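Sequence order for the protein chains is A and B.
1 is the number of the first residue of the first sequence in this note's numbering; add one for each residue after it.
310 is the number of the first residue of the second sequence in this note's numbering; add one for each residue after it.
Keep in mind that the hints were calculated from the coordinates and are not lab data.
Be aware that a few hints might be false.
[Said to hold, decoys possible] With the C-beta cut set under 8 Å, the calculated list includes, among others, these residues of chain A facing chain B:
1) 28
2) 36
3) 52
4) 55
5) 56
6) 57
7) 63
8) 69
9) 70
10) 77
[Said to hold, decoys possible] Here are the simulated DSBU-like pairs of lysine-lysine, each with C-alpha atoms no more than 35 Å apart in a straight line:
11) A:17 to B:514
12) B:551 to A:93
13) A:279 to B:390
14) A:41 to B:481
15) B:549 to B:513
16) B:466 to A:211
17) B:395 to A:279
18) A:55 to B:319
[Unchecked claim] Covered by chain A, per the in silico footprint, the following chain B stretches (three or more residues, Cβ under 8 Å):
19) 332-338
20) 451-463
21) 536-544
None of these values were measured; they are calculated from a predicted model.
C-beta: ideal position from N, C-alpha, C; glycine also.
Residues per chain, in single letters:
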Amino acid sequence: MIDKPNLEVEIAGIKLKNPVMTASGTFGYGEEFSPFIDLDKLGAMVLKGITLKPKMGNPPPRIIETPSGMLNAIGLQNVGVEVLIKEKLPYLKKFNTPVIINISGDTIEEYVELARRLGEVSKEMGVAGLEVNISCPNVKKGGMDWGTDAKATYKIVSSIRKSTTLPLIVKLTPNVTDIKIIAQAAEEAGADALSLINTLVGMVVDIDSCKPKLANISGGLSGPAVKPIALWLVWQVFQTVKIPIIGIGGIIKLEDALEFIIAGARAIEIGTANFVNPKVTVEIIEGIEKYLKEKNIKKINELVGIMKI
Amino acid sequence: MSFIYNIKVKILSRKEVAPDIYLMKLKAPEIVQDALPGQFIHIKCSKGNYPLLRRPLSIHRIVKEEGEIYILFQVVGEGTKLLTQKEVGDNLDILGPIGNGFNIYPESKKIIIIGGGIGVAPLLALCEESIRKGKEVRVLIGALNKELVIGEENFRKLGAKVDVATDDGSYKYKGLVTDLLEGSIREGWLADQIFACGPKLMLKKINEIALEVNINCQVSLEERMGCGIGACLGCVCKIKAKEKNNNQNQIKYIYKRVCVDGPIFEGSEVVWDD
């Protein structure tokens, strides 16, 4: 049996001590989870999506439960990049865990400006990389529009690429006809890694009032219900691109994380499960280590994409 | 905000106190240390993935000496239904205590506590704390009918004066609990603070009455909740935020999190018509 398996992975040039990251929007700005877990144990933290200016978000109800999942339509409520830099990042600097900022905007210029600004403070404030959100289904402008068209994806990613040397992870939406084309466009435009999937667009109807249960009408589906879809898309993208993939979608326990890694994900992000079990990230990290020991696998990297068909 | 624990707590007793309304006693020494009236715990009701999310339930009573808390809840869906099926001796996975709690001003002498339906849940702990602090307390309970009037005797035992209104008149005053509030004001019993929990329309009306007679009014709000620890921004409510802009007071609105910024809000800061 291996005594101490190697859990380290490299994503977009960022060295992670293990492949377990947090999914944007489910982990706040990190501090919210400090009563429950040691943030130093995480592979990386991806923070709540940020925009140039503060954003109010959508009216409530913003979330609704569905079978083995939930719909959300938060609408990117956030404090804006300057407050993030001044008030949120200082707390995270004391941890030895890479911080990745998820960025969103209404226009290409806003993404570019965000990337430039975060690049400018990256050394001082400890920004390890950017996750470019071109897949948010809950905002009126921008959001998912960038990620559903290959040309638009290429245009926005290449523009951001020119404005920063920070590692770029592009987060893809599953709400497309063929995700491989979008993945390729992002890779060609200079993405260092891809993360997938963002949420699937859905809706719930109240049969008494005959109104949608979300004030936004539609929301993004997440949780265990979406896992098989996410796995299939990760596997397809894995066969298409050379850059590393971060698997996201309904991971709630060790076995889910391993499935993604075997299907081609070099790292994984845990999202909705954080709401149910705030210790889930650390439990999965411990589980991966135990699994590798039992299976006599020296490095987690050996498991990536080894699915036999 | 107090420290939020994620612990397993043992169910010590469980009783159906009214149709579909349950009282549960939990052994939770960690929670009672800092728990405040108005706070809640976030409970994992299912073993598996359905229902996925936790359920936020108010702390009904805090018994510090025994290290025990009570929750009082109504069965409204799958989660609460599963909770009633737990046995005495079972462990519950909970997060808590969560939220800001009611703010009883030291200078307040007279307090009115108003509960509508299952809204009485967080108010027994509040009543107990108010009386411990030497306040004169009146409790107004509103319910659909006699069967659903909960906790009347418990409030009275603590030393509060209790009035009850039922929608159908099957018990005591026939009408709305807000009529009782207006009645007590007319008769000249003016409280220094009003605390309320219940349906939103009731809270809105109470706030209007409180504004008219200029009494501080704090309400406990509800919203569909995700994480319960302030991370997901799912459970927000619209709040007026005064910001100084060009030397002029300009009203601005923000969404605040019911879980950790609330669940108790000043009635006057809530945007009721939205």
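- Is it true that the CA of residue 549 (chain B) sits at most 35 Å from the CA of residue 513 (chain B)? Holds - the C-alpha atoms of residue 513 (chain B) and residue 549 (chain B) are around 15 Å apart, at most 35 Å.
- Does residue 17 (chain A) pair with residue 514 (chain B) here, judged by a C-alpha cut-off of 35 Å? 55 Å, violated
- Item | chain A covers the segment 451-463 of chain B, three or more CB atoms within 8 Å, holds or violated | violated (count 0)
- Query: With a cut-off of 8 Å between beta carbons, are at least three residues of the segment 536-544 of chain B near chain A?
  - Reply: holds (count 9)
- Query: Can residue 63 (chain A) be said to touch chain B, with a Cβ gap under 8 Å?
  - Reply: 4 Å, holds
- Can we keep the residue 70 (chain A) interface hint, with Cβ of chain B closer than 8 Å? 6 Å, holds
- Query: Measuring from the C-beta of residue 55 (chain A) to each C-beta in chain B, is the shortest one below 8 Å?
  - Reply: 10 Å, violated
- Item | Satisfaction of the residue 52 (chain A) interface hint, Cβ to chain B closer than 8 Å | Hint violated; residue 52 (chain A) Cβ to chain B Cβ min 18 Å, cut 8 Å.
- Item | Hint check, residue 57 (chain A) versus chain B [nearest Cβ-Cβ separation less than 8 Å] | 6 Å, holds
- Let me know if the C-beta of residue 77 (chain A) comes in closer than 8 Å to any C-beta of chain B, holds or violated. Cβ of residue 77 (chain A) sits 5 Å from chain B, so the hint holds.
- Confirm or reject the coverage of the segment 332-338 of chain B by chain A under the rule of 3 or more residues with a beta carbon closer than 8 Å to the chain's beta carbons. violated (count 0)
- Item | Satisfaction of the residue 36 (chain A) interface hint, Cβ to chain B closer than 8 Å | 5 Å, holds
In this structure, the earlier hints numbered 3, 4, 11, 14, 16, 18, 19 and 20 are contradicted, and the remaining ones agree with it.
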